[in-house]
Amino acid sequence: MTYELYYWDGIPGRGEFVRLALEQAGADYVDVARTDGGMARMMAMMKNGAGNFTPFAPPFLKDGDLVVSHAANILLYLGGRLGLAPADEAGRIRANGLQLSITDMVAEAHDTHHPIAVSLYYEDQKAEALRRAEDFRKERVPKFLGYFEKQLRKAADGQIHAVGDAVTYVDLSLFHLLEGLRYAFPNAMRTAEPDYPLLVVLNAQVRELPRIKAYLASPRRLAFNEEGIFRYYPELDGD
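Per the numbering used here, residue 31 is the first one in the sequence shown, and the count goes up by one each step.
If you're looking for bench data, these hints aren't it; they were derived computationally from the structure.
Some hints could be false.
[Said to hold, decoys possible] Listed below are the simulated EDC-like cross-link pairs for lysine to aspartate or glutamate, each with C-alpha atoms no more than 20 angstroms apart in a straight line:
id : residue 1 : residue 2
1  : LYS168    : ASP141
2  : LYS168    : ASP267
3  : LYS92     : ASP58
4  : LYS180    : GLU164
Using the sequences plus the hints, can you model the full thing?
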């Protein structure tokens with residue numbers, strides 16, 4: 031059965047974490063909002079629900095009659111089905127915990143350019159954004175990336191993985207997280223990355239996975255832009 035992924039058209043955003051898993055697994059899926067009439071279908075589901083469940087916001091995934099919301103929850107659901115999660119329960123719980131930490135960092139990255147209110151334009155909260163971005167670069171990036179680096183140190187020699195000894199959705203998500211940070215904070219990340227060599231290696235490994243490599247070169251891969259979570263404003267990138 032074809033998976034239906036619902037996420038805003040035109041931005042990678044949180045939907046990209048799910049897309050990467052579907053692409054790596056070679057799963058049959060439709061990016062609904064990018065199809066004719068798809069945005070209207072997505073908005074109707076958020077307004078009217080599907081069965082007894084109404085998703086709060088994208089991303090959400092429809093698998094038959096089941097609708098699963100939130101990126102981390104979707105990946106928890108898909109992980110075992112796509113062969114992208116540990117087989118044991120303890121491993122699946124660890125993977126979900128790491129994914130939730132990624133979710134936390136993504137939210138903080140978003141708040142660097144919208145620290146006061148999502149409903150306000152960036153220009154309406156620029157002074158606060160400058161302060162928030164400075165704290166994010168100096169305090170939060172080392173805290174989060176240092177934590178992820180520590181997890182990768184537990185990996186064996188050779189291929190590096192966040193959980194277990196095979197590619198999981200967490201590896202794919204860490205790849206996208208690093209890509210987003212590189213886009214939004216290129217100067218800061220050039221300075222920071224030498225402190226996180228295993229994350230850099232993992233990013234390079236994921237980039238060369240045959241299905242991911244093909245996806246990145248395809249029109250299905252949406253470019254980062256200033257409408258998404260990771261946005262590049264030079265003044266937020268520091269000196």
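Hints and how they fare:
Under the criterion of a C-alpha separation no larger than 20 angstroms, the hint pairing LYS168 with ASP141 is consistent with the structure, at around 15 angstroms. Taking the CA atoms of LYS168 and ASP267, the gap is about 11 angstroms. The hint holds against a cut of 20 angstroms. A C-alpha spacing of about 12 angstroms is found between LYS92 and ASP58, which places the hinted pair at or below 20 angstroms, so the restraint holds. Simply put, LYS180 and GLU164 have alpha-carbon atoms about 24 angstroms apart, too far for the 20 angstroms limit, and the pair is violated.
Checked against the numbered hints given earlier, this structure breaks only hint 4.
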